[in-house]
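Here the UniProt record's numbering is used: position 28 in the sequence shown is 28, and no number is missing along the way.
These are calculated hints, taken from the structure and not from any lab test.
We put the beta carbon where it would ideally sit given N, CA and C, even for glycine.
Accuracy of the hints is not assured; some may be wrong.
DEER-style ranges, computed between Cβ atoms [unchecked claim]:
| # | residue 1 | residue 2 | range |
| --- | --- | --- | --- |
| 1 | I156 | R53 | 26 to 34 Å |
| 2 | M51 | E169 | 33 to 41 Å |
| 3 | M162 | E94 | 36 to 44 Å |
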Amino acid sequence: MPWNVDTLSKEGFSKSVLNVKPVKEETEEEKEQKHKTFVEKYEKQIKHFGMLRRWDDSQKFLSDNPDLVCEETANYLVIMCIDLEVEEKHALMEQVAHQTIVMQFILELAKSLKVDPRGCFRQFFSKIKTADQQYQDAFNDELESFKERVRGRAKIRIEKAMKEYEEEEKNKRLGPGGLDPVEVYDSLPPVHTHTHTHTHTHTHTHTHTLSLTHTHTHTHTHTHTHYTHT
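Let the sequences and hints guide you as you build the complete structure.
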């Protein structure tokens, strides 16, 4: 979210409200570059925040690193969650998802109060630690919903990667004329074998004068095998 009059810190208002000019809307390229620069500078700290579990630890860490309280941190944590889910590190994903929602709730609180999020994160922790059941339920519902969205995004990314891998393997196999040997083989019809057996029996009887009869039987078997594709 680009900074504007509504999100300036209280110190900014005390100088001169009249002289504050609205900041122009950032282009996608500017947002991307801003995010990249921020991550290069604070990546280690963001990852550390993502692994914290206790409310007090998170609050203290943000007190020591107030620049992390911004949308860039939230965006990085979202990507981190999807990466962990793709790597099947489900428990870690759920841990970082919790911290992602912490940051999202701080940003939402800042928006509703119309203040710089760096100036209201303590209010969030104070509220969440002493919150009524309704606020706790809202936090937990958003957390569960977010984890489901992460799983969905991870699944899409895995399917896309598998498809790209299969295409790459197919391109490696392509023979002359662009034919894929695997596809050609799979498309061939089944082979049927026909066997024809012909048996010819010839019996010759010769009678000699000594009254001895000799009978000679000759059997010839011919087998022909034909392979046909149907």
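For each hint, the structure was consulted:
no. : hint                   : result
1   : I156 / R53: 26 to 34 Å : 29 Å, holds
2   : M51 / E169: 33 to 41 Å : 37 Å, holds
3   : M162 / E94: 36 to 44 Å : 24 Å, violated
Violation of the numbered hints given earlier is confined to hint 3; every other hint is satisfied by the structure.
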